[in-house]
Amino acid sequence: MKYIDEFRDGALARNIAASIAGEVEAGLRYALMEFCGGHTHAISRYGIEDLLPAQVRMIHGPGCPVCVLPMGRIDAAIALAGRPEVTLCTYGDLLRVPGSKRQSLMKAKAAGADVRMVTSAADALGIAAAFPDRQVVFFAIGFETTTPPTAVVLKQAKARDLANFSVFCNHVLTPAAIGNILESPEVRQLGTVPLDGFIGPAHVSTVIGSRPYEYFAEEYQKPVVIAGFEPLDVLQAILMLVRQINQGRYDVENEFSRAVTRDGNRKAQALVAEVFELRPVFEWRGLGQVPYSGLAIKQAYAAWDAERRFAIAAASVPDHKGCDCGAILRGLKKPSDCKLFGNVCTPDNPIGSCMVSAEGACAAHWTYGRFRGAA
Amino acid sequence: MCLALPARVLELLADEQAMVELGGVTKQISVALVDDLAVGDYVIVHVGFALARLDPEEAAKTLALFAEMAAAS
Amino acid sequence: MKGPPLDFRNGMVDMSHGGGGRAMAQLVDELFIAAFDNDLLRQRNDQASFAVEAGRMVMTTDGYVISPLFFPGGDIGSLAVHGTINDVAMAGAVPLALSASFIIEEGLPLADLRRIVLSMAAASREAGVPVVTGDTKVVERGKGDGLFITTTGIGRVPPGITISGDLARPGDAILVSGSMGDHGVAVMSQRENLGFATDLKSDSAALHGLVAAMVAATPSIHCLRDPTRGGLASTLNELAHQSGVGMIIEETAIPLRAEVAGACELLGLDPLYVANEGKLIAILPEAEASRLLAVMRDHPLGREAAVIGRVVEDRHRFVQMQTAFGGRRIVDWLAGEQLPRIC
Chain A
1 MKYIDEFRDG ALARNIAASI AGEVEAGLRY ALMEFCGGHT HAISRYGIED LLPAQVRMIH
61 GPGCPVCVLP MGRIDAAIAL AGRPEVTLCT YGDLLRVPGS KRQSLMKAKA AGADVRMVTS
121 AADALGIAAA FPDRQVVFFA IGFETTTPPT AVVLKQAKAR DLANFSVFCN HVLTPAAIGN
181 ILESPEVRQL GTVPLDGFIG PAHVSTVIGS RPYEYFAEEY QKPVVIAGFE PLDVLQAILM
241 LVRQINQGRY DVENEFSRAV TRDGNRKAQA LVAEVFELRP VFEWRGLGQV PYSGLAIKQA
301 YAAWDAERRF AIAAASVPDH KGCDCGAILR GLKKPSDCKL FGNVCTPDNP IGSCMVSAEG
361 ACAAHWTYGR FRGAA
Chain B
1 MCLALPARVL ELLADEQAMV ELGGVTKQIS VALVDDLAVG DYVIVHVGFA LARLDPEEAA
61 KTLALFAEMA AAS
Chain C
1 MKGPPLDFRN GMVDMSHGGG GRAMAQLVDE LFIAAFDNDL LRQRNDQASF AVEAGRMVMT
61 TDGYVISPLF FPGGDIGSLA VHGTINDVAM AGAVPLALSA SFIIEEGLPL ADLRRIVLSM
121 AAASREAGVP VVTGDTKVVE RGKGDGLFIT TTGIGRVPPG ITISGDLARP GDAILVSGSM
181 GDHGVAVMSQ RENLGFATDL KSDSAALHGL VAAMVAATPS IHCLRDPTRG GLASTLNELA
241 HQSGVGMIIE ETAIPLRAEV AGACELLGLD PLYVANEGKL IAILPEAEAS RLLAVMRDHP
301 LGREAAVIGR VVEDRHRFVQ MQTAFGGRRI VDWLAGEQLP RIC
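Chains as they are written, first to last, in this note's numbering: chain A, 1 to 375; chain B, 1 to 73; chain C, 1 to 343.
None of these hints come from the bench; they were simulated from the model.
Treat the hints with care, as some may be off.
[Unchecked claim] To give a feel for the contact side, a few chain A residues facing chain B, derived at Cβ under 7 Å:
{"id": "1", "residue": "Tyr3"}
{"id": "2", "residue": "Ser19"}
{"id": "3", "residue": "Ala122"}
{"id": "4", "residue": "Thr146"}
{"id": "5", "residue": "Pro148"}
{"id": "6", "residue": "Leu232"}
{"id": "7", "residue": "Ser257"}
{"id": "8", "residue": "Gln269"}
{"id": "9", "residue": "Arg309"}
{"id": "10", "residue": "Ser316"}
{"id": "11", "residue": "His320"}
None of these values were measured; they are calculated from a predicted model.
Note that beta-carbon positions come from the ideal geometry of N, C-alpha and C, so glycine has one too.
Excised from the complex, chain A in its bound form (with noise of 0.2 Å):
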């Protein structure tokens, strides 16, 4: 497969790999953070830890939505999924999150709940169109990269004025997290995370190009780079983030640049501008309420928001006492840390959203790299 093979090639990696070792300086420091569930997947999947020296420390960032979205809203969807005129259809990876008191969407399902999963938001919107008698709801997820979808099929929504359709809008903005995590006490003044450079995203910033974070490169005096998902890019962006340490530098590079411009996808961002506002706050699981961090839906498109149809009201519930997704996702810990991961919490039977999702660190921990720990 033509711009993914080339990116995977362990030849190319092992010298990489050995540019890193000869690179990195003695007493120095190199603790980064990959903010992106992508870039975790590819680390564990593809084994990239063990090609690194001791000296490099990968940490695993909140960049998964399924991860970060809070218990209170994944009751609130299945508590739509259950009333009898609503079909409440979502992305496969949202179905086996745990709400509160052990319920999933998949759960709902079997107990009767019309619950359809979705490959895109425009098959949601087709489902709307194909059954006029239902109210078809798409629970919407996601960062920059997954909300212009959204938006278009709220435009489309509008435009064929589709009664039956409305969206539950969860998109998170990935900067007002990036800035959460340096704000914190831990990075800022405890020290308890060590951060020396972020790993940025590759597909959110197809979407909001690499200007965003010049800000926080400027400001806390981190370097940054974009990198693509497949390992190679990762390894490349380690490589780069490396020589800035070294040189005592903190800029913006893009290593992603064949699909990353400084200014991303303007026409994507005017329409997620057009459909979309920001909400003064939405918690993160593991953040809490960070401030504008999430989007709601315009008022020009109230009729369609399933929030004001169905008047969800924003529920707080806390996560399983014995859970550390929330210190998981702030970098604070890692999985084996966690005393539920692997005894009580696995992908078959998961406590905290980290086990879910393939892209959450506790997942990719037990899928991929468990025998690390296993004596």
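Chain A is already provided as a structure; the job is to place chains B and C on it using the hints.
Structure of chains B and C alone, referenced to chain A:
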């Protein structure tokens, strides 16, 4: 996050749709988010939408950089 | 007294076809007995009675539920024959006979039912394994998914052959008979909600001929299993667990078609968990592996056979994979069912 893949545009269709191909598999996607696509372009596809056009020159540059690394070590 | 013949063009199955009366007898006569035609079935008894040679017998049963009923490379009927023959064959046994039970949802077009039964009969004839007894039930509309088929198979194990999932030993080689994931991707390509197309066909096939050649050449085979639901990864984990061993496989050695790789990339699936219906895994002492590989490659259903890994000692019973990229990772059991994902 965000599973997205480079796919080649096979055909541009009505209503801002296009047929794309990846490894012998074809899929109809929306191109509402990317202007001025041509058959043969590679696009990054996410949840059934093209998000960006892939720049073949930049891809070649990145690959050349990897190769340089190979030569240096 | 005989009514008009069944309308295989426009008719559909209704409750009377399962009611035990004349309509049911007509369906059995005009469709099932006509299609599967053999001496035992023609006796019209509630059971088939036949003599078998002395020896060790195997018996297996499997229910077939699949949506859609027709897919590129097969349908639920051919699948119900191949799948059960394969389960018999994976003991190294020679399949002798099948039974078939049909649970039909009211409203299924008779044309569809006929197409499925004819395809099933053709598969049974081609395999040389007759359907010797059967049953038909009809359930009300909404209480079935068109058609469910359950087939039971019996077979006889040749003397001197002992094949079982708990016999893998450290030092054994692991082989597969061909490319992985073809069936699952071919079926998924027919599901509207996944929205992709491919020319790929299901690999659905009866493997007893291949198995006969294999056990004749290397009677020392320890394990055989067809990696159906859950794919290669889940089946290897089952075998590792049963045998109390670990396994290490090589990603680059696993045969995989470009279309399967492409579809899996698009949907966010791992091809190692995608179903096969005409492939097998064989485990045997390493010293015999090249002989077995040659025999498999000589058979039409094993042309792309490959040695993909080896059995190792491991009290954790991990199945690990050396990746094409050069790292190593676990190949775990499938958690729940594999769902397409966006992140």
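Hint check:
{"no.": "1", "hint": "Tyr3", "result": "holds (4 Å)"}
{"no.": "2", "hint": "Ser19", "result": "holds (5 Å)"}
{"no.": "3", "hint": "Ala122", "result": "holds (6 Å)"}
{"no.": "4", "hint": "Thr146", "result": "holds (6 Å)"}
{"no.": "5", "hint": "Pro148", "result": "holds (5 Å)"}
{"no.": "6", "hint": "Leu232", "result": "holds (6 Å)"}
{"no.": "7", "hint": "Ser257", "result": "holds (4 Å)"}
{"no.": "8", "hint": "Gln269", "result": "violated (10 Å)"}
{"no.": "9", "hint": "Arg309", "result": "violated (23 Å)"}
{"no.": "10", "hint": "Ser316", "result": "violated (23 Å)"}
{"no.": "11", "hint": "His320", "result": "violated (23 Å)"}
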